[in-house]
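Asker: What follows is the residue order along each chain.
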Amino acid sequence: MTKNRIFKSKHDWFFYISLMLLPCIQFFIFYIVVNFNSILLVFQKFENGKFVFNGFNNFVEVFTKSSTINNITINSLLTYGKKSLITYVFQMVFGFPFAIMFSFYIAKKYKGSGFFKVIIYLPHMVSATVFVLMFKIFSDGAMLDVIEMITGEKPFLGITKGYPFELALIYTIWSSFGVNVLLYTGAMSQISDSIIESAQLDGITPFKEMILITIPLIYPTIVTFLVVGLAGIFTNQMNLYTFYGEFANDKAKTLGYFMYATMKSSVTDYSDYPYLATLGIVLTAITMAITFGARAILNRLDPMREY
Amino acid sequence: MNKVLSAPKKGLFKNKNTSIKRGTSPFIIGLLVVFIIYTLSMAILFGWAVFASLKTEDGYLIEYLWPNNEFYFNNYINVFKHFTVDVNGQIKTVADMFVNTILYAGVNAFIQALVPCVVAYLVVRFPCKFSSLIYNIVLITMILPIVGAYPAEMSVLRGLGLYNQIWGTWIQKFNFQGMYFLVFYAMVKSMGKEYWEAAYIDGADQYTVLLKVIMPLLKNTIVLVVLLQFIGFWNDYQSQLLYIPSYPTLAYGIYYITNVKTDSDLVNTPMKLSAAIVFATPIIILFVIFRNKLMGNLTMGGVKE
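Residue numbers (our numbering), protein chains in the order written: chain V, 1 to 307; chain E, 1 to 305.
Chain E extracted, bound-state conformation (with noise of 0.2 Å):
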């Protein structure tokens, strides 16, 4: 009885003797070596590529797995020298490829956090049957699953022009939909209509409302939202591909000298492995800086610091 009284009020997991005894479950050693041996497998593939990526040509093709006694870095310096891709004759040095990677991944990352931001707002602050509608098209268009449009988006796209336009990739991201529209719609409505109505008797209008307040207050989610999407878009080159295939991204030229380069001096292992850790690197950062904003709970009722 008295074991139980004096048991601590909250969180059990943090009375030490309790997680001791826990610790020693065999299931959770069981997991706990599961994830170890996960890390590992990451450790050697990422250990081993950079390791490969130091050798030379000759040096990788006699020794596969193990290190090499000295290391090539000329590899990286040829990276920013040979990186290029063929667009129809056209040759795109890496400068290129990273103006286009922010044009497409910055700006559209950007758009997919503003947009549903602010019709969020709209369908809270002004609940009429518009919005309710709006909210409602965003909930079956997340359920419906559409497969295949790609025929009927790109006659679209043909036909409006913008097809093989960056900016047309802007136009086709300005969508609303999307998860993120419940982030934002949970948060605006979470906030109460206090902080416009407060900042209305002060003599503000909607639009500085919008931009001095409920902007403010949500800054931290759009911040996360523009991460999280920069480095979605930074990584894919599907879309690039399929819609913009003359402004390649640095994402497109890691599958190009993997899959379609053959003729160049990038065309050696060490050196793709180099490309690939360059272009990884930078996510990398930003991974390692916002690594808690990243990962912290995103919910439908916001983000939970």
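Chain V on its own, in the form it takes in the complex (with noise of 0.2 Å):
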């Protein structure tokens, strides 16, 4: 018996060369040396013009205050950190099971679902600097309009300036189902018309068949989504940057915006690398433990898991 051989004559394997060669360069640039750069930032500081070894200084830094950064002690790195869970607790809270409920809806085909599914899916096509700039100028416009016929006055400081954070966040949830509710219906759609057919006809209601049958069923796809959700805490910018530039108030900033935003600041400046690269490594660290810890947790709860 010969053996089916994988690379049948030297053409294959150039074939194989001259096409992997490229992106496996790029990976290993882009991903290993990247990254193991960044653990060696971790113990260095920038003097006199070069990177040179400081132990364990920049830990205490981020855990203290940051010598090289104005302002940033932990206390602000806590409050910022603390926004960026807000965020995802609102997001679980209302994006989360709308974007569940629009998809049930969109996947079932109701009434104009093929309007509504490109209606949400919009905002996720145009830019978001365009909807940012509508968004922001129709708060501190129209909208104080609308409050005063409303309340009889406008809030005194407007909307971007007294309320920064929650526009901010009401944005993001209000832009952001596009993606999920497409590849949750996707999901949905894999689901056997049988098994529906079969509760139908034992006169299960629409919400009944969302809770006990669709969700059960998708369960896959939404613990991905979740985690993916919880993989990007520390990361997401929640549209701050686009909705204030380098500004933002003090009180808006979450842990994505802070890194990005001084990130852009410091481009020239090294000696900023190191402590951005330590507090990127101890987020990535919380991150993980986070990460992995919620998806042990969520697999557990699978309702279609077997004993």
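A few of these clues could be false.
16 Å max Cα-Cα, derived EDC-like pairs, lysine to aspartate or glutamate [to be verified]:
| # | chain 1 | residue 1 | chain 2 | residue 2 |
| --- | --- | --- | --- | --- |
| 1 | V | Lys154 | E | Glu63 |
| 2 | V | Lys10 | E | Asp202 |
| 3 | V | Lys50 | V | Asp269 |
| 4 | E | Lys173 | E | Asp236 |
| 5 | E | Lys212 | E | Asp202 |
| 6 | E | Lys212 | E | Asp236 |
| 7 | V | Lys208 | V | Glu197 |
| 8 | V | Lys8 | E | Glu197 |
| 9 | V | Lys161 | V | Glu246 |
| 10 | V | Lys82 | V | Glu166 |
| 11 | V | Lys8 | E | Asp205 |
| 12 | E | Lys81 | E | Asp96 |
| 13 | V | Lys264 | E | Asp236 |
| 14 | V | Lys82 | V | Asp250 |
| 15 | E | Lys193 | E | Asp205 |
Only part of the chain E face toward chain V is listed, based on derived beta-carbon distances under 7 Å [to be verified]:
| # | residue |
| --- | --- |
| 16 | Leu31 |
| 17 | Val119 |
| 18 | Pro145 |
Simulated from the structure, these hints should not be mistaken for laboratory data.
Each residue gets a CB set at the ideal place from its N, CA and C atoms; glycine is no exception.
Build the complex from these two chains, which are given one at a time in their own frames, with help from the hints.
Answerer: Okay, here's the thing in structure tokens:
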């Protein structure tokens, strides 16, 4: 019996290597080297034009006060972290259930579902810069008139100044349904008609059908989304940079915004790099623990799990 | 009993009577109302923005909410005349930004569609140990949440001379990791080796098989991924701001007039809205034309048409 070889000739080898080489080099540089460099930066500081060994001092700075980035203390980071968590909780409480219900409505092709699918997906297609610009201008102009019409008085500071975090949070949830609905709908469309039909013959209502059949059957997709959402908890900028640029109000900042905005203003200032890299490593460790923990718990809660 | 036997074989939702009954469920009516409110919120925002973009500056300041009696179309002409950004003292026009956008969004969209496609084909076609390593790398990098690699990435880009070079972003995006690798992987795997083996018997070499057999079979998915990536890059200004600050794109231009620009004709609100609408129009047209394709069920098993 002859062995079925994977590479049958030198040409096969040449073909494989010629097309695989560049993507692999890219991966090596932009994943392996970059992340290795992150770890190196954690133990370094920038002094006299070069990076020198700094032991664990960057960790001390992250957990006390930064010596390079003004006014950043552990308390500021905790405040930004709290905002990141609030964002995630609100997305879970409002964004997630509505995404499931919208998806159910669309997957079942109820009245106007095709049109609503387009409307829900629109904010994902049109740039956030465009929507944010409209949202911001509307909130500080027309919305004030509407509020005055209803309550008889205008908010003193306006909306972007008075409620910077709340405005960005509402926008983020309002515009976030598109991709989730698309993928939940995709998962729901895979559910066998026969399961639904037999439940309907037993007189199941649409609400019960969603709770008792649809959600358990798309549970793996839901878990994936919840876990991916958790993995992005500290990188979520909540469009704050698009709303306020470099000058977001301190009470609105999330950790994702802080990391990006600080990096943007420190592009040419190497002295901030070690602090930011250390903060990145600390947040990666926390995120990893949360993500893998949540994944294990959610998998245990799988209603279709067989014991 | 008869009722059960006479039930249609497939899709009870298509049964007219059932559909009417289901449509009157309070839950479904409630959802319909929520949908209508959501649609109205979007229509009001867009409609208001269009009408506000047709006001003069004074007209807008007098009346924020309702449309004016006269429409001022000059805002749209002024967008093309005065929509500029200042990059370290150099003025970049809307034409410069458009070219940068095409070079950034267009080229990167192709790269980010073709590289995962080719690598996925190689992994399926040649199932050696290295190929399974590549497959595992994709899975691991998707699961591992890396936060804040910006400083390290910036040092590497600067070290390699890729920082602030538009072709540097092409190299930066030349990666195979991510969801689309898995989409292409599943598609190639489901094809079966008969496709390429038949071509070899006819005397085709590996490159010919890839270009003339595999790529045409994957054409629909490649086009979809290119479109999705193009829209993503077209709308992205943050990467441009960080990695190629000297090459402003149109998305950056909108960000710039919203948050940075303070001293020009485009500073007034109706003109800002006009610029935003002009910028969004190509994507809305693209979306309307390709909406079914773009909203098709892209799954790990490929595109469900």
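Asker: If a hint holds in the structure, say so; if it doesn't, say that too.
Answerer: Okay, the hints, checked on the actual structure:
Of the pairs offered as hints, the one joining lysine 154 of chain V and glutamate 63 of chain E holds, with about 15 Å between alpha carbons and a cut-off of 16 Å not exceeded. Taken as a hint, the lysine 10 of chain V and aspartate 202 of chain E pair is broken in the structure, with Cα atoms around 19 Å apart against an allowance of 16 Å. Between lysine 50 of chain V and aspartate 269 of chain V, the direct Cα distance comes to roughly 12 Å. Compliance with the 16 Å bound is thereby established for this hinted pair. Straight-line distance between C-alpha atoms of lysine 173 of chain E and aspartate 236 of chain E comes to about 14 Å, which keeps the hinted pair within the 16 Å bound.
The suggested pairing of lysine 212 of chain E with aspartate 202 of chain E holds, with an alpha-carbon distance near 13 Å, which does not exceed 16 Å. At most 16 Å may separate the alpha-carbon atoms for a hinted pair to count; lysine 212 of chain E and aspartate 236 of chain E exceed this at roughly 33 Å. The straight-line distance between the Cα atoms of lysine 208 of chain V and glutamate 197 of chain V is roughly 13 Å, inside the 16 Å bound, and the hint therefore holds. Taken as a hint, the lysine 8 of chain V and glutamate 197 of chain E pair is honoured in the structure, with Cα atoms around 12 Å apart against an allowance of 16 Å.
About 15 Å separates the Cα atoms of lysine 161 of chain V and glutamate 246 of chain V, which keeps this hinted pair within 16 Å; it holds. Restraint check: the Cα-Cα separation between lysine 82 of chain V and glutamate 166 of chain V comes to about 14 Å, which is no more than 16 Å; the hinted pair holds. Proximity of lysine 8 of chain V to aspartate 205 of chain E is assessed by CA-CA distance (about 12 Å); at most 16 Å being required, the pair is judged to hold. Of the pairs offered as hints, the one joining lysine 81 of chain E and aspartate 96 of chain E holds, with about 13 Å between alpha carbons and a cut-off of 16 Å not exceeded.
A hinted pair counts as satisfied when its Cα atoms are at most 16 Å apart, and lysine 264 of chain V with aspartate 236 of chain E qualifies at roughly 15 Å. Under the criterion of a C-alpha separation no larger than 16 Å, the hint pairing lysine 82 of chain V with aspartate 250 of chain V is consistent with the structure, at around 12 Å. This hinted pair checks out: lysine 193 of chain E and aspartate 205 of chain E have alpha carbons roughly 15 Å apart, not beyond 16 Å. A hinted interface residue such as leucine 31 of chain E counts as satisfied when its beta carbon comes closer than 7 Å to some beta carbon of chain V; here the least separation is about 5 Å, so the hint holds.
Checking valine 119 of chain E against chain V by beta carbon gives a least distance of about 5 Å; that is within 7 Å, so the hint holds. Hint status for proline 145 of chain E: holds, given a least beta-carbon distance of 4 Å to chain V, under 7 Å.
Violated hints, listed in ascending order, are 2 and 6; each of the other numbered hints is respected by the structure.
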